Amino acid sequence: MLTKKSGCQNVVIVGGGPSGLAIALMLAKRGWTEITVLEKRKTADDYEP
Numbered sequence: 009m010l011t012k013k014s015g016c017q018n019v020v021i022v023g024g025g026p027s028g029l030a031i032a033l034m035l036a037k038r039g040w041t042e043i044t045v046l047e048k049r050k051t052a053d054d055y056e057p
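With the working numbering applied, the sequence shown has no gaps in its numbers, which climb one by one up to 57 at the end.
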């Protein structure tokens, strides 16, 4: 289980596909506020599994 600990303020997720966005949402629901998702594609309609 991922929990926010003191001193841990930032997280970077590489990949804005379904898994990357799901983990970003889960972290936000658990109180994380400094979440960055990096995605190489310019738009969401370019996604290919």
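Keep in mind that the hints were calculated from the coordinates and are not lab data.
All values derive from a computational prediction rather than experimental measurement.
Check the hints yourself; a few may be wrong.
[Unchecked claim] The following label-pair restraints were derived from C-beta to C-beta distances: (1) 50 <-> 27: 18 to 24 Å; (2) 17 <-> 52: 24 to 30 Å; (3) 53 <-> 17: 16 to 22 Å; (4) 20 <-> 50: 25 to 31 Å.
Cβ coordinates follow ideal geometry from the N, Cα and C atoms, glycine included.
ask   = Of the hints stated earlier, which fail here?
value = Per hint list: 3 and 4 violated.
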